[in-house]
Amino acid sequence: DAGVTQSPTHLIKTRGQQVTLRCSPKSGHDTVSWYQQALGQGPQFIFQYYEEEERQRGNFPDRFSGHQFPNYSSELNVNALLLGDSALYLCASSRTGTGGELFFGSGTQLSVL
Amino acid sequence: QKEVEQNSGPLSVPEGAIASLNCTYSDRGSQSFFWYRQYSGKSPELIMFIYSNGDKEDGRFTAQLNKASQYVSLLIRDSQPSDSATYLCAVLLSGAGSYQLTFGKGTKLSVIP
Chain S
55 DAGVTQSPTH LIKTRGQQVT LRCSPKSGHD TVSWYQQALG QGPQFIFQYY EEEERQRGNF
115 PDRFSGHQFP NYSSELNVNA LLLGDSALYL CASSRTGTGG ELFFGSGTQL SVL
Chain U
7 QKEVEQNSGP LSVPEGAIAS LNCTYSDRGS QSFFWYRQYS GKSPELIMFI YSNGDKEDGR
67 FTAQLNKASQ YVSLLIRDSQ PSDSATYLCA VLLSGAGSYQ LTFGKGTKLS VIP
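Protein sequences, first through last, are from chains S and U.
Going by our numbering, the first sequence wraps up at 167, each residue one higher than the last.
Going by our numbering, the second sequence wraps up at 119, each residue one higher than the last.
No lab work stands behind these hints: they were computed from the structure.
None of the values given here were measured: they were computed from a predicted structure.
A hint or two may mislead.
What the hints assert, rightly or not - Derived CB-CB ranges, DEER-like:
id : chain 1 : residue 1 : chain 2 : residue 2 : range
1  : S       : Q95       : U       : G35       : 36 to 42 angstroms
2  : S       : Q72       : U       : R66       : 44 to 50 angstroms
3  : S       : G94       : U       : G22       : 39 to 45 angstroms
4  : U       : S75       : S       : R111      : 27 to 33 angstroms
Stated by the list, open to error - The list that follows gives simulated cross-link-like pairs (lysine to any residue, SDA-like), each with its CA atoms no further than 25 angstroms apart:
id : chain 1 : residue 1 : chain 2 : residue 2
5  : U       : K111      : S       : T152
6  : U       : K8        : S       : A141
7  : U       : K111      : S       : F123
8  : U       : K73       : U       : T30
9  : U       : K62       : S       : G151
10 : U       : K62       : U       : S90
11 : U       : K8        : S       : F118
12 : U       : K8        : S       : G138
13 : U       : K111      : U       : Y77
Where a beta carbon is used, it is the ideal one built from N, C-alpha and C, also for glycine.
Start from the sequences and build out the full structure, keeping to the hints where you can.
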């Protein structure tokens, strides 16, 4: 079992650029959630995807968007990058109905210069 | 704003002692509570969850929940240096169709050999 895989592991962008992060969920999982974790903080919920639809969204601007594919994998897109978007982006998968029992990927460290 | 509060620490305990980690939450209707462990430079991993008032034990770990006081705790018995990590308390918010897991900032635990 490969677990949750994310790519890339590190990314450096400049302000105003756009970025796409990718996630493959753990085998048997159908739900993908994305979190942003700043240094020294807990993960902040961005949104959750289930059945290819955004099921719930946290307090993040529309610059953050996502997609889920029929194979349950997911993408997180961030447009018009700001310096404050620099953080660790975590993908977590779960089986629907298991609530907060999340399996996290190793994350993508995004640096915006 | 529905919040989860934790003492950021660091909490230092000697090897073999009991480590006590505490968490309070503001959403009185919350039903599900989770403890995640995050080693430095790694992603969070689920170690315990609790849904009902009282204690839940799993090996050296005990989760305690008091909904009336809106308080969750994690006890680690016979603490080991390998338990040194940041412990994140997380709460699944209440309400129909709520899938947002809200994390505290985490408590950094250091077990001294």
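* Asked: Do the Cβ positions of G94 of chain S and G22 of chain U conform to the proposed distance bound of 39 to 45 angstroms?
  -> Since the Cβ atoms of G94 of chain S and G22 of chain U sit about 29 angstroms apart, the hinted range of 39 to 45 angstroms is violated.
* Supplied distance hint 44 to 50 angstroms, evaluated on CB atoms of Q72 of chain S and R66 of chain U -> Given range 44 to 50 angstroms: holds, Cβ gap about 46 angstroms.
* Asked: When you check the alpha-carbon spacing of K111 of chain U and Y77 of chain U, does it fall within 25 angstroms?
  -> Cα-Cα ~15 angstroms, so holds.
* Would you say the C-beta atoms of S75 of chain U and R111 of chain S sit inside 27 to 33 angstroms of each other? -> 31 angstroms, holds
* **Straight-line alpha-carbon gap K73 of chain U to T30 of chain U, limit 25 angstroms** => 10 angstroms, holds
* Asked: Does the structure keep K8 of chain U and A141 of chain S at a Cα separation of 25 angstroms or less?
  -> Holds, at roughly 22 angstroms.
* Asked: Taken at face value, is the distance from the CA of G151 of chain S to the CA of K62 of chain U at most 25 angstroms?
  -> Given pair K62 of chain U, G151 of chain S holds - Cα atoms ~21 angstroms apart, limit 25 angstroms.
* Pairwise hint evaluation, F123 of chain S against K111 of chain U, where the allowed Cα distance is 25 angstroms at most -> Violated. K111 of chain U to F123 of chain S sits at ~32 angstroms, over the 25 angstroms cutoff.
* To do: Measure nothing beyond the straight line between the CA atoms of K8 of chain U and F118 of chain S; if it is 25 angstroms or shorter, mark the hint as holding.
  => 22 angstroms, holds
* Asked: Quick one, are K8 of chain U and G138 of chain S close enough, alpha carbons at most 25 angstroms?
  -> 22 angstroms, holds
* Asked: Given a hinted range of 36 to 42 angstroms, is it respected by the beta-carbon distance of Q95 of chain S and G35 of chain U?
  -> The hinted range 36 to 42 angstroms is violated for Q95 of chain S and G35 of chain U, with Cβ atoms some 25 angstroms apart.
* Given the hint that K62 of chain U pairs with S90 of chain U, test it: the Cα-Cα distance must not exceed 25 angstroms. => Within the cut-off at roughly 21 angstroms; holds.
When the structure is compared with the earlier hints, violations turn up for hints 1, 3, 7 and for no others.
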